[in-house]
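Undergrad: Going by this note's numbering, the first residue of the sequence shown is number 1, and it counts up by one from there.
Think of the hints as simulated: they come from the structure by calculation, not from any bench. Note that the Cβ used here is the ideal one computed from N, Cα and C, for glycine as well. Some hints could be false.
[Stated by the list, open to error] Calculated pairs, SDA-like style, for lysine to any residue (alpha carbon to alpha carbon, straight line, at most 25 Å):
#, residue 1, residue 2
1, Lys84, Ile42
2, Lys84, Gly216
3, Lys96, Glu44
4, Lys84, Ala94
5, Lys239, Thr207
6, Lys96, Arg40
7, Lys239, Asp135
8, Lys96, Thr13
9, Lys122, Val136
10, Lys122, Thr164
11, Lys84, Val70
12, Lys239, Pro189
13, Lys96, Pro189
14, Lys84, Ala18
15, Lys239, Ala134
16, Lys84, Ile100
17, Lys96, Lys239
18, Lys122, Ala94
19, Lys84, Asp69
20, Lys239, Ala54
21, Lys239, Ala56
22, Lys122, Asp106
23, Lys122, Lys96
[Unchecked claim] Derived CB-CB ranges, DEER-like:
#, residue 1, residue 2, range
24, Glu52, Ala230, 33 to 39 Å
25, Glu52, Pro187, 25 to 31 Å
26, Cys12, Glu206, 24 to 30 Å
27, Lys96, Glu132, 18 to 24 Å
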Amino acid sequence: MERPCAMTPEICTLGHDALLVRFAREASEAATACVQVMLRLIEEADLPHVTEIAPALASVMLRFQGGTDVRSLLHQHLTDLTQKTDWSNVSVPAAKRRWIIPVCFDGDAAPHLAEVAQIAGKSEAAIIDDLENADVRVLALGFAPGQPYIGLLPQEWDMPRTSTLTAEVPAGALVTAVRQLVLFANPSPTGWRQIGMSAFKPFAPETDTPILLRAGDAMQFSRASANDIARLQAAGDPKGGAICQSL
Numbered sequence: 001m002e003r004p005c006a007m008t009p010e011i012c013t014l015g016h017d018a019l020l021v022r023f024a025r026e027a028s029e030a031a032t033a034c035v036q037v038m039l040r041l042i043e044e045a046d047l048p049h050v051t052e053i054a055p056a057l058a059s060v061m062l063r064f065q066g067g068t069d070v071r072s073l074l075h076q077h078l079t080d081l082t083q084k085t086d087w088s089n090v091s092v093p094a095a096k097r098r099w100i101i102p103v104c105f106d107g108d109a110a111p112h113l114a115e116v117a118q119i120a121g122k123s124e125a126a127i128i129d130d131l132e133n134a135d136v137r138v139l140a141l142g143f144a145p146g147q148p149y150i151g152l153l154p155q156e157w158d159m160p161r162t163s164t165l166t167a168e169v170p171a172g173a174l175v176t177a178v179r180q181l182v183l184f185a186n187p188s189p190t191g192w193r194q195i196g197m198s199a200f201k202p203f204a205p206e207t208d209t210p211i212l213l214r215a216g217d218a219m220q221f222s223r224a225s226a227n228d229i230a231r232l233q234a235a236g237d238p239k240g241g242a243i244c245q246s247l
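Take the sequences, apply the hints, and build the full model.
TA: Have a look at this one:
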């Protein structure tokens, strides 16, 4: 893994009710390691007045309730937290949970698998092996409720989005671009390439836990057949056969 962070994190004001701790302006192993460490520090600090903590690929946003006095208080808390760590020498903290999610990589479930393999300079079998053996984390949730951005994949996966949109991929589709994976929460157009299909629903509003994933969760994919996925979809469990292990 590359050296994580060479600069001190920057604390920025976002509007009237949020602060941003920014490590970089683009995603990298360096920035994501720093974000995961900062997220853990913030969660363990249990800061007052905070209503939302939202990690992204290179930053962490805190939303708060209160005025300028609260903002000043939280800014100082964040400054204290950032000064506790040597950001030039951090590693991704151990995950507290690991999800193992069944995914089909065959036929109609993976319409762009051959294209992804060609861009990466690998065989389709090697691409599937990469996915089954990937050591990846949920980096952020966004675009749709509960929808995970997962990564980072090796450098050969740094492929651009498509030049034209796919009109729609289904909920549960596994797509890729720019060294990341996304499991779609809803049917949606996308410029990312679909390389698999699951029965997993990242957002299940009808359940007691509508958002299943958390930033920092480890993620692993197990190969399933199209029939397996169809059976899991028919069963109606939003986890789609996924197993969540406490670590």
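Undergrad: Now, for every hint given, state plainly whether the structure supports it.
TA: Verification of the supplied hints:
no. : hint                          : verdict
1   : Lys84 with Ile42              : holds (12 Å)
2   : Lys84 with Gly216             : holds (20 Å)
3   : Lys96 with Glu44              : holds (13 Å)
4   : Lys84 with Ala94              : holds (19 Å)
5   : Lys239 with Thr207            : holds (11 Å)
6   : Lys96 with Arg40              : holds (11 Å)
7   : Lys239 with Asp135            : holds (20 Å)
8   : Lys96 with Thr13              : violated (30 Å)
9   : Lys122 with Val136            : holds (20 Å)
10  : Lys122 with Thr164            : holds (23 Å)
11  : Lys84 with Val70              : holds (21 Å)
12  : Lys239 with Pro189            : holds (23 Å)
13  : Lys96 with Pro189             : violated (33 Å)
14  : Lys84 with Ala18              : holds (22 Å)
15  : Lys239 with Ala134            : holds (20 Å)
16  : Lys84 with Ile100             : violated (34 Å)
17  : Lys96 with Lys239             : holds (18 Å)
18  : Lys122 with Ala94             : violated (30 Å)
19  : Lys84 with Asp69              : holds (23 Å)
20  : Lys239 with Ala54             : holds (23 Å)
21  : Lys239 with Ala56             : holds (24 Å)
22  : Lys122 with Asp106            : holds (16 Å)
23  : Lys122 with Lys96             : violated (32 Å)
24  : Glu52 with Ala230: 33 to 39 Å : holds (37 Å)
25  : Glu52 with Pro187: 25 to 31 Å : holds (27 Å)
26  : Cys12 with Glu206: 24 to 30 Å : violated (37 Å)
27  : Lys96 with Glu132: 18 to 24 Å : holds (22 Å)
In terms of the numbered hints stated before, the structure departs from hints 8, 13, 16, 18, 23, 26, listed from lowest to highest.
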